[in-house]
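**Q** Chain A is fixed; fit chain B onto it per the hints.
The listed protein sequences correspond, in order, to chains A and B.
Numbering-wise, this note's numbering puts 14 at position 14 of the first sequence, and it's gapless, one number per residue.
Numbering-wise, this note's numbering puts 257 at position 257 of the second sequence, and it's gapless, one number per residue.
The set of hints was computed from the structure by calculation and includes no laboratory data.
Quick caveat: nothing in here was measured; it's all calculated off a predicted structure.
We put the beta carbon where it would ideally sit given N, CA and C, even for glycine.
Just so you know, not all the hints are guaranteed correct.
Unchecked claim - Per label pair, the in silico range of CB-to-CB distance:
#, chain 1, residue 1, chain 2, residue 2, range
1, B, D169, A, A289, 15 to 25 Å
2, B, V95, A, V308, 43 to 53 Å
3, A, A58, B, P86, 49 to 59 Å
4, A, A58, B, T174, 16 to 26 Å
5, B, R133, A, L29, 16 to 26 Å
6, A, A180, B, A50, 31 to 41 Å
7, B, F107, A, A180, 12 to 22 Å
8, A, E217, B, F107, 34 to 44 Å
9, A, V97, B, L67, 47 to 57 Å
10, A, A58, B, P104, 43 to 53 Å
11, B, R99, A, H240, 56 to 66 Å
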Amino acid sequence: MTALTLAHGTATTAAFLPVRGVADRISDLFWRRPRLLLALLLAPPLAWLGIVYLGSLAALLLQSFYSIDEFSGLVVPEFTLRTYAELFRPSNFDIIVRTVTMAACVTLASAIIAFPIAYFAARYAKGRWKAAFYLGIMLPLWSSYLVKVYAWKLILAKEGIVSWAFEGLGASAILNAVLALPTIGGSSLSTSYIGTFLVFLYVWLPFMILPMQASLERVPRSMLEASADLGASSRQTFRHVILPLAMPGVIAGSIFTFSLTLGDYIIPQIIGSSRRFIGQAVYQLQGTAGNIPLAAAFAMVPILIMLVYLAIAKRKGAFDAL
Amino acid sequence: MRSDAPALERNAAERAASTPVATSTVEAAPKRRRRDANGADAGTGRPPLALTIAAIAGLAFLHLPILLIFLYAFTTEERTYQFPPPGLTLQWFEVTWNRADVWPPLFLSLRVAAVSTVLALVLGTLCAAAMARTRFFGREQISLLIILPIALPGIITGMSLRSAFHVMDIPFSTFTIVLGHATFCIVIVFNNAIARFRRISVHILEASADLGANAFQTFRYVLAPNLGSALLAGGMLAFALSFDEVIVTTFTAGQQSTLPIWMLQELVRPRQRPVTNVVAIVVVVLTFVPILIAYYLTRGGEETAGQGK
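The following block holds chain A by itself, in its conformation from the complex (with noise of 0.2 Å):
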């Protein structure tokens, strides 16, 4: 034993000296007292996020219960709930309804597209296989926001690649049809709800496949199995065993793409119709027009409606597949 602890070198060096110095001391302390080294650790990080991030929600909230004085265009730093009011006025609640649409629409499309590949990635994919899937999600998820904006500028304008794309298959009339479809169409793709959809759906689908495949990777092999050995049929193993536990890794996944669209306002700004969106309101509230309080009345929406995703989210266990 002490052969073995001398031949460990420096470390072991103060076990042997009756001198013990500050930092022995110290260490004594946290022993003895392991939520004092606790709260020391906390409490740096939890000071920052305290004040500079749940104090600026508090400012938030208290500046939605402002109001503007029409007449002068000043903040009024008075209780009111007439700025909450406001989010009621057609044109306003035509915004929050748009937005969940398309948050709804592009959730539920990135759960199809990315599912192949999260269970691909989960099951059948080995070795150099899984490395490369790995990165193959990974790069595009942490790739530049704006470049990957930027690139379906690119794509889909007017004299872009998909355009040529469908001229080359003498398909142009399917692409104008498409484009001429009320609501949902435009003068061009990158003018229409199309392109920020799929704009959408692009940005945000590493943040589901992720998660997704986090869970499918966590199905037990003996289930599988199982559930062979009981005369399931594939598609019935599918549906009664891969897919539930399945879902908890889906609800994390949309959490991101859910939220993540909501609060967008570059991707509409940049590509898609002048119909506003939630977070267009909230920057040319408090930009242009000065208006903090609507500005923060738009920015509790989102909050709120995270907030009941969340819960619902972790009741279904949600949390655990992050």
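**A** Same frame as chain A, now just chain B:
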């Protein structure tokens, strides 16, 4: 539960086929394979063709747009996004290099990302150290608080900070940008660090204490070497995230221009499109490097000491 008899038979055949004895016979094996190609199988053996196609198409969807940017950086067409490009040229790299308005935003972005990363590294690691193995009252709430800055849309973080600056009369500066960036970078470092903390065996920490090391020595000689690569990876990702962030920044930057804000302005009101293309691929390359490094630092995990149970 099962309504149709044929399904039962098919399952029986499948199960028989998947036993080693049956697969060794010549007729059974191809039959099984053909069936798997039609529907999803239980997750063993070869993937169904439809799944393979869907997965590869999905990955292609994720990558082709980024590749397209690289092509456009060489186009000779200046005014439109014409495809295919009428010709290829290298001149835009030189034009971009000589554009004075590109450099200050780049340096500001690098500076903000560096400071935010350092702050996030300290705060995120402390948090992870505290939460890796302990259970205490309020732990759930704290973990929610940490993920909230990325779980809630960026516009909320941005708008909140903007309101706070408004209420407290704080003028916009580099510092206000950093405040926002560090806040959402904490969770990135935290996630990387806590995963590593959980993988480090508690026994090596006990062994260190048994051998007479105090808490600081244990940190210096045992914990830090094991944490290093995870922290470096977390730092790389935090840097990439901050370098690229635009939504929160537009609320906290005032008149300052980070590189993403510069790009956003070019997107909204293009001045010289090919220059934007070149900046875009530089940004892609600049963010890919830290991500790849982060990947190689955290993959596997065999290098972590005290793994054997």
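**Q** Give a verdict on every hint.
**A** Hints versus structure:
Evaluation of the 15 to 25 Å hint for D169 (chain B) and A289 (chain A) yields a pass: the beta carbon distance comes to about 20 Å. For the hinted restraint 43 to 53 Å between V95 (chain B) and V308 (chain A), the CB-CB distance of approximately 50 Å keeps it satisfied. In this structure, A58 (chain A) and P86 (chain B) meet the distance hint of 49 to 59 Å, their C-beta atoms being roughly 56 Å apart. Checking the proposed 16 to 26 Å range against A58 (chain A) and T174 (chain B) shows it holds: the Cβ atoms sit about 24 Å from each other.
About 19 Å separates the C-beta atoms of R133 (chain B) and L29 (chain A), a value consistent with the hinted range of 16 to 26 Å. A C-beta distance of roughly 32 Å is found between A180 (chain A) and A50 (chain B), which places it inside the suggested range of 31 to 41 Å. Under the hint 12 to 22 Å, the C-beta atoms of F107 (chain B) and A180 (chain A), about 48 Å apart, miss the expected range. Here the CB-CB span from E217 (chain A) to F107 (chain B) is close to 42 Å, well matched to the stated 34 to 44 Å.
For V97 (chain A) and L67 (chain B), the Cβ-Cβ distance of about 37 Å falls outside the hinted range of 47 to 57 Å, so the restraint is violated. Here the CB-CB span from A58 (chain A) to P104 (chain B) is close to 34 Å, at odds with the stated 43 to 53 Å. A hinted range of 56 to 66 Å holds for the C-beta pair R99 (chain B) and H240 (chain A), which are about 60 Å apart.
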